[in-house]
Every structure is written in structure tokens, then in C-alpha cells.
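Same order as they appear, the protein sequences are chains A and B.
Read in order, the letters of the first sequence correspond to residues 1 to 607 in UniProt numbering.
Read in order, the letters of the second sequence correspond to residues 1 to 385 in UniProt numbering.
Simulated from the structure, these hints should not be mistaken for laboratory data.
Just so you know, not all the hints are guaranteed correct.
If you want the footprint, here are the derived chain A segments under chain B, 3+ residues with CB under 8 angstroms [said to hold, decoys possible]: (1) 135-142; (2) 190-199.
Computed footprint of chain B on chain A, listed as stretches where at least three residues anywhere in the stretch have a Cβ under 8 angstroms from a Cβ of chain B [claimed, not checked]: (3) 6-13; (4) 241-248.
Computed from a prediction, not measured in an experiment: that's the story for all the values here.
In this text, a Cβ means the ideal position worked out from N, Cα and C, and glycines have one as well.
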Amino acid sequence: MSSWFDYTINGLIIGNVYALVAVGLALIFGVSRLINFAQGSIYLVGAYIGWVAVMQLHTPLPLTIIVVAAAAALVGLVIERFGLRPLQNSVRIAPLLATIGISFVLDQLVMLTFSPNPRALPSQLPDVRFQLGGGTIGPLDLLIAGVGITSALLLFVFLRYSKLGWAVRAASQDRDAAMQMGVDVNRVNQAVFGIAAALGGVSGMLVGMYYNQIDTAMSLQATLKGVVAEVVGGAGNVPGAVIGSLLLGLVESYGVAVFGTSYRNLFAFLLLVVVLVLRPNGLFASTRQAPPEPLTGTFIAPSRPLRIPRWALAVAAAIFAVLPLFPVSFYVLQTLINAWLLGMLALSLTLVAGTMGQVSLGHAALLAIGAYTSALLSLTLNVPVGLAIVGGGLMSAALGTLLISPSFRLRGHYVSIATLAIGEIVSLVILNWESVTRGPIGISGIPPLTLFGYDLISPSSVYWFSLAVMVVLALLQGRLLTSHLGRSFRAIRDDDIAARAYGLSLNRYKSLAFIFGGFAAGVSGGIAAHLYSYINHETFNTQQSILALTVVILGGLGNVVGAIVGSVALVGLPEVFRIAAEYRILIYGIVLLLLVRFRPQGLLGTI
Amino acid sequence: MSNIDRRTLVKGSLAAMMAGTAFSRAALAQSAEPILLGISGPLTGPNAQYGAQWKQGFDLALDEIHAAGGINGRKLAYQFEDSQSDPRQSVAIAQKFVSDPRIVMELGDFSSPASMAASPIYQRGGLVQFGFTNSHPDFTKGGDFMWSTSVSQADEQPLLASYAVRRLGLKKLAVLHLNTDWGRTSRDHFVKAAKEYGAEIAVTEGYIAEERDFRSTLVRVRDASPDGLILISYYSDGALIARQARQVGLKQTICAASSVYSPKFLELGGEAVEDVHLGTRYFPQDPRPEVRKFIEGFKAKYNGQEPDAFNAYSYDAMNMAAAVVKIGGTDRRAIRDAFAKVKDVSSVIFGKATFDVESRRVKGAMNAELVVRKGQFTLWDGKPT
Numbered sequence: 001m002s003s004w005f006d007y008t009i010n011g012l013i014i015g016n017v018y019a020l021v022a023v024g025l026a027l028i029f030g031v032s033r034l035i036n037f038a039q040g041s042i043y044l045v046g047a048y049i050g051w052v053a054v055m056q057l058h059t060p061l062p063l064t065i066i067v068v069a070a071a072a073a074l075v076g077l078v079i080e081r082f083g084l085r086p087l088q089n090s091v092r093i094a095p096l097l098a099t100i101g102i103s104f105v106l107d108q109l110v111m112l113t114f115s116p117n118p119r120a121l122p123s124q125l126p127d128v129r130f131q132l133g134g135g136t137i138g139p140l141d142l143l144i145a146g147v148g149i150t151s152a153l154l155l156f157v158f159l160r161y162s163k164l165g166w167a168v169r170a171a172s173q174d175r176d177a178a179m180q181m182g183v184d185v186n187r188v189n190q191a192v193f194g195i196a197a198a199l200g201g202v203s204g205m206l207v208g209m210y211y212n213q214i215d216t217a218m219s220l221q222a223t224l225k226g227v228v229a230e231v232v233g234g235a236g237n238v239p240g241a242v243i244g245s246l247l248l249g250l251v252e253s254y255g256v257a258v259f260g261t262s263y264r265n266l267f268a269f270l271l272l273v274v275v276l277v278l279r280p281n282g283l284f285a286s287t288r289q290a291p292p293e294p295l296t297g298t299f300i301a302p303s304r305p306l307r308i309p310r311w312a313l314a315v316a317a318a319i320f321a322v323l324p325l326f327p328v329s330f331y332v333l334q335t336l337i338n339a340w341l342l343g344m345l346a347l348s349l350t351l352v353a354g355t356m357g358q359v360s361l362g363h364a365a366l367l368a369i370g371a372y373t374s375a376l377l378s379l380t381l382n383v384p385v386g387l388a389i390v391g392g393g394l395m396s397a398a399l400g401t402l403l404i405s406p407s408f409r410l411r412g413h414y415v416s417i418a419t420l421a422i423g424e425i426v427s428l429v430i431l432n433w434e435s436v437t438r439g440p441i442g443i444s445g446i447p448p449l450t451l452f453g454y455d456l457i458s459p460s461s462v463y464w465f466s467l468a469v470m471v472v473l474a475l476l477q478g479r480l481l482t483s484h485l486g487r488s489f490r491a492i493r494d495d496d497i498a499a500r501a502y503g504l505s506l507n508r509y510k511s512l513a514f515i516f517g518g519f520a521a522g523v524s525g526g527i528a529a530h531l532y533s534y535i536n537h538e539t540f541n542t543q544q545s546i547l548a549l550t551v552v553i554l555g556g557l558g559n560v561v562g563a564i565v566g567s568v569a570l571v572g573l574p575e576v577f578r579i580a581a582e583y584r585i586l587i588y589g590i591v592l593l594l595l596v597r598f599r600p601q602g603l604l605g606t607i
Numbered sequence: 001m002s003n004i005d006r007r008t009l010v011k012g013s014l015a016a017m018m019a020g021t022a023f024s025r026a027a028l029a030q031s032a033e034p035i036l037l038g039i040s041g042p043l044t045g046p047n048a049q050y051g052a053q054w055k056q057g058f059d060l061a062l063d064e065i066h067a068a069g070g071i072n073g074r075k076l077a078y079q080f081e082d083s084q085s086d087p088r089q090s091v092a093i094a095q096k097f098v099s100d101p102r103i104v105m106e107l108g109d110f111s112s113p114a115s116m117a118a119s120p121i122y123q124r125g126g127l128v129q130f131g132f133t134n135s136h137p138d139f140t141k142g143g144d145f146m147w148s149t150s151v152s153q154a155d156e157q158p159l160l161a162s163y164a165v166r167r168l169g170l171k172k173l174a175v176l177h178l179n180t181d182w183g184r185t186s187r188d189h190f191v192k193a194a195k196e197y198g199a200e201i202a203v204t205e206g207y208i209a210e211e212r213d214f215r216s217t218l219v220r221v222r223d224a225s226p227d228g229l230i231l232i233s234y235y236s237d238g239a240l241i242a243r244q245a246r247q248v249g250l251k252q253t254i255c256a257a258s259s260v261y262s263p264k265f266l267e268l269g270g271e272a273v274e275d276v277h278l279g280t281r282y283f284p285q286d287p288r289p290e291v292r293k294f295i296e297g298f299k300a301k302y303n304g305q306e307p308d309a310f311n312a313y314s315y316d317a318m319n320m321a322a323a324v325v326k327i328g329g330t331d332r333r334a335i336r337d338a339f340a341k342v343k344d345v346s347s348v349i350f351g352k353a354t355f356d357v358e359s360r361r362v363k364g365a366m367n368a369e370l371v372v373r374k375g376q377f378t379l380w381d382g383k384p385t
């Protein structure tokens, strides 16, 4: 019995920690309908500013908090002014991509300034412990809880009773109307970003002190958990974010209690999916609230795509096809093989995200399903590799569609969050289902690519194989887009109510899109597995999903050629920047930001 | 001789001088062009810290190698390519190295997915992949171009089990391990050895690398009522677990794998890591000459910073690479064959390292039983804590 009390306390303690990030995310989402992926990076910046203040300037705690809050707020204002405000009239998805780019840049700047080694950030509070159940809590636990709850309350009061708060809420409900009523929307946005960033910075510092440890990898984890907590509580709902965080902490803690530590995040993400399916607006959304994303069409604005003549495409394909006949280095070929593999994934994602409007952030899961299926089929059942890869594609199509089907009723950002969670769930199932997937040890000795009995071992043959598969998939997809199916997909994306009124069954078409997309992604994963010969649960991770989405947005949503161009660009750029060593991801982030800024509809435009 | 006028004399000596410089330049060009090693490892991304530590160890070893005259008069250098420990990038790097004729062998990568994905390319390209942190049991099975000085967990874990069970007298153990290929393999070897020595395993808990909060895990550990906690962790998560264990009031003996051996473990863990026991391959006061040279050289080069386990691995790896290149020259196949020929290479981790040609690994890692006392790693004096 006493253990359950301890699990509860521990869940609430960690929930406190999540709440600090979730509140900031909720505030920004509430106003700009934007999941701020840079929030974790501001949290990171705050932690390191705190380190400088404590270790170098020896400031006392209240001053440390003020310094960190002020510096982080400044970072937030800079992000808002130079990263996001220029995008406010562009496609809704552009700011989302911009925050991803900003988080790359901030994380890299911190890493370059402070080195990637973890540092100790000693707590400035007296080290007394209070006995509570079987464990103890310290003053820092109370301070974190205090900051979380107080900030949520203050924000609640601010939003409800202050004039600027009204402006914030008005702007979040209807930007244009608010502007007509004389609300300075830019000032509102500034205020919100400043507050959220200050909160994010302070929370990074407090959590750093809590663990006596800060390192540059803490940013992505903070964002992930914060997003889960925020959505569980109801996106944009500040007090809801606190309760969502506590609930998340409890579920994780009880999950550990019942099933063990390695299942912990599985429960966090299952909670998210369940909440999204049952109550898409979050647990604490009022029923009167308008749907969070009125129409998917406003999320992805169609633009005029760049028409590339067919002969030009044919010439480009021919040039790439004969490339290995010329004396190019294997390194160039390998880089292009990576681009073709990413291209298949991007084709899949551009279909479901661009053409269908279901922006998936968990696409790496489809790769993983394809890869594991193909690897296991060829290893344990001795299925020929060519067939095994097709099997991987089919399994990915079937299982992927089945797993993602609960998110079919969701819209806009919620689809992204649900798919993000499903992606994490797949990865955790692979980690824990040892009898099939061999768990963390992974699968080694996967046979190399063969086709009709011929080994494809030389880089040129792998190159031709992956290029051919990608081109076939691209042609099929191009054909699909011009058929009535493609038109139906786009109709659902642009206006699902009108599409339904026209007699289109949304779920059926969404399933069809995911089946086709899942197949392409699964084939890509299958080829990768045979190419690498070793895979484990880390091979296909969240970063891969985010990369795929970046490719798709960069190339132009729904644009088949754009997906391929984007893949070549995003595989190629980091390789080109190799010369810059530690700086290359920083440069990559900046290039990404510039692209979003000056070509938000993607290089080739949305179709 | 008298009819040789001054001008011819000057001309002649000038010509001789020019010929002399030209000659020495050619000779210089041959010896000044350094022998190049390729490194594939993380400089950015979540594992960037380990890449940074590798560099420190490499650079120290290179300084010493050059001070001792280099490789038969030639310098040794490395080209570090950032893979972010991502298999997609490590395979591209592998092709890059394989097709670059200046690269004579490759070192790395850090994680198993990144390293083993690149192995087929190195094997087919005939370039040695020398993985010095690759403990995955299948790493060297990738082919005869895969060699590793990573301490096999089949060797290390029984030593740790012996320390915990036989020497510290722990009878009922809770094992917390990183849920990666390394952590899992280590756990399995540890559990097997500990049971052989007569201990009972009360509970094992695997956690993912990004985990920060262990309080609920520690409740599970407490409920299993062990008399000792075994941490199969790296230093950052090891320090977190130790801190939280003490915070929730667990007072059991903690015994950790050698991978926590780092000054950062003491810095991050603070008072909570006091009395933590750990088995390591070397220790600060170690009298072995190769260890003294390593530690003193490291402190002198890096402003008094104490080296850690990953610094030692990369330092040893660079020294091993130098020894291999000395025998094998710059031919890639000869270098592979030289791995089987090197004998008793001075090593911080192994004392004297010689490859077992069958497994392409080195056996017989050194063992020291340490404990943290007054915030320092010290040799365990046999007193219970």
C-alpha cells in the first residue's frame, strides 16, 4: 500500500517538472496555434544561462531566476521578431518548420559555446529533505511545484482579467477580427513569446538544478514530454496543461510500478493517443470551444506549383541513371543512395501530409516496421531478399494504416501529435518485444540485397536498384495524383465537410493514402535494413521523422518531384557542409530557416 | 685550380645548393605528408560529448607519437568526420573513406547501429574498421576487417560481479542497466556471473538513455529489498541514479560498471556518489608506467583536467593504430594483417594489448577495484562501507 503512495508522489513530482514546459507550450499554442518546437531549446538556453549565473557570476537564487527569465525572454522576443513574424502571412505550416529550424540553431549554439559535455548545476537551496511516505522531497521539489502552479494561475488571471490578456485571447480566437478592433496583434505575440520563453528558461534552470545536471541533449526530450502533457490537458489551455502534466507523471509512474522501467514512455504515449481519440480537444476543453483547426485547407495553403516539363524530368532521371558509369566516387553514390531511400519515405509522407493533409510526425515508424519485417523474413524464414522487401512494404502498409487509423478523426496539429506518439509507441514496442525483435541487441547479420539470385553489393548496383524503386514509386504516385483518387484526396484536404457532403468516405480515402504511403516507406526501410546489415530500435528514430517532414515541406507539400528534390537537398547539404565540422548542423539550421522564410510554400510549390 | 674563376665557383656552388634543396624537398614531401586515419564519430547530435572526448585522447596520443619520432619518421594524422552516430551518415562516411586512397584505416563509430551499418562497406572496400568502443558481441563478426579493443563484456562483467559478490559480500542484487545493446549484453553477463558466485538477482530494470527521472524505478528496487544496487550505466545517468537513490532514502551499497569512471561522475553525483564502488581498468594513483604517462600527459595538455574512460579508450586506440601502421605500413591489407602481428602494445586498459586473432578482440583487461572516498576515486582498502 505504502508503495502506491510513493508511486503517486513520484508521479506528481515528475509531473511538476513536465508542467513547467507544458505551460509555456500551451500559452503559445493558445495564441498562435503553433506547436513551438523551439520551447525545449529555450529551456536548454535557460539552463546554461543559469549555469553561467551560478558558477561564474555567483548570483543568489532570486537574482539567478531574474537573470535567466530576462535573458530567455530576450531570446523569445528575438525568435518571434525575426523567426516567426515574417511568416505570419504565409502557409500555416511554415512557422512549425521554422521553430524546428530555430531549435537546431539554438541547440547547436549552446553546444558550440559550452561543449557537449554535461555539467553540474548545483542547487542554491539548502539541502534539507522532508520525509514523505517511503521517500523524501526537498525544497527544490516545492519550488518547482510553486513555479508551475503560480505561473499557471498568474497566466490564467492575466488572460482573463487584464486588457492585454483579453487582447491575447481575442487574437487567438480570430486574428483578423482582433486586428479590426484595434488590437496590436504583433504586440500580443511579442508578449506571449516573451512570457513563454521566460518561463521556459527558468524551468530549464530549475530542472537542471533538480538533477544537478545539464547537457545539450535535454532539449528534444523536454519538448516531447511537454507536448504530450499540453495536448492531454487541452492544447492552448494553461491550467489544463498543468493537470495534463501531473496526469502524465502519474501514468508514467504507475506504468513503471506495474510493468517495469522500460515500459515507462510507452504509457506516456499511449495515454496521449487514448486522450486524443476520446477527447480530441484535450481532457479539459469546453464543449463550446470551436474545433481547434477549422479546416485542414487553411493548414496547408495551395500555391502555384512550379511546373517542370516532362522532358526535363526525363533528362534528369537519365542523367542520374547513367551517373555510376562516369568516374564518380562511391561516396557520392552512397550519399545519393541515402537520398533515394529518404526520397521513398518523403514520397510516402508527401502523399499523406501534402495530398491528404494528414501531417505525420511519426513516419520513421513505417520505416522501422518495413525494416524489421524484411530483416526477419529473410533471416528466420529464408525468404529471398527481394520478396522480403516487398513483404516489409506490405506489412508497413497494413500495420501502419491500422495503427494510425485512430487518428483519422483528428485534424491539423492533432494528427501530427497523434502520429508522433504512434511513432514513439512503435519504437518502444520494438525495444520491449524481445522475443520477436531481439530488443536492444538488435538484428545483426541481415543478408545483403539480392535480386533474382544476383547479389547487389557494389555501390553502383545498390544505387541503380534504389533509384529504380524510387522512380517506379514516384511514377505510380504521379499517376495516382492525376486519377480521381488524387482529386478526392485533395478535396478532403481542402474541405473535408464539403468532401463528405459530396459523398466521399473520409476514413476509406485516408486509409488508401496510408496504405500506399506505408508501402513506399516500408520498402525504403526494408532496403535500408539489407544495406546496413544491422538495425535496432534506435536506427529509425524521431529525428528521422522530423527530417522526412522537413524534406516534404521544403520540396512543396504533395509535390512528388519536390519530395525527391528535397531529399537530395537535405541529404546533400549536411554532406556539403562537412568541411565545417562541428558547425555543419548550425549552418544547416540557418539554411533551413532562410528557405522557410523566402520560400514557405516549398521549393517546387504545393500541389 | 687557379683557372677556375670566381664566377664559375659561385655558379657551381649555387647550382649545388639548389640541387640540394630540391633533393631535400622531395624527401621532405614524402615524409611530411602524414599517414591519414579516418575517424567516424559523433561531433554533433545527442552523443557529441563522446566525440569530443575521443578527440582529446587522440590528440594526446598523437603528441606522444610525434615526440617519439612519428611512424618511421612520418607523421600520423586523422580526419574526423561527424556521423552524429547516425547509420545513414556513417555509411556515407564509410564510402568516403574507402574511396579516399590517403586513408589507411578507419576508427569508430560510436554506437552499434552506426558502426555495424558501415561494416559491410568497410569489409567489401578492404579498409580496416577499428571499433574501440564497440562492445556489441557481433561487431567483429562483420568480417576480417573488423577489429576491436573494446573490452568484451564477457570479460568485464564477471570482474564486476566478483567485486560485488565475493569481495563486498552482497547477496541480493538489484541491477539497473541502460537498455541499449551494450547495457543488455552487460546485464546478461553480469547476472550469469553473479549467480555463479552465489548471489540472488532481486530485480533488473532497463531504462532508456534519455531517462532522467528514476524515482519510481527506485521504489521498485526498494520493494525488492536488495542489499546492493548494480549500475550498468554511463557516468551521467549513473550519477543521476545514485543521487535519486540517496534522495529517496536507499542506503544500500552501490556498485557500478567501469563506464561511470569519469571526473564528471563525481561532479554530477556530488555527495551521493560517496562510497560508490566501481571496477575500472586503471585509476588515478595507478603505479603502472603507461597509466602515469597517460594521466600526467593528459593533465598537462588539458589544464589539469582528469581523463576519463572514453579518453583512455581513444588514447589507447590511437596508440594501437600507430603500432599497427608501424608494422603494416600504408597498405590497407597489410594493415589488416598487422593487427594479427602486433604484440604487447602498451595500453592503459589492457597493460599490454595483443589481439586474439580468432575473435579479433583483445582479452585480459586490467582490473582495479575502486571506491569513491571524499569525492575522489581511490583504490578500495577492503573496508566495508
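Hints versus structure:
1. 135-142: holds (count 3)
2. 190-199: Result for this restraint: violated, n = 0.
3. 6-13: holds (count 5)
4. 241-248: violated (count 0)
Going through the hint list in order, the structure does not satisfy hints 2 and 4.
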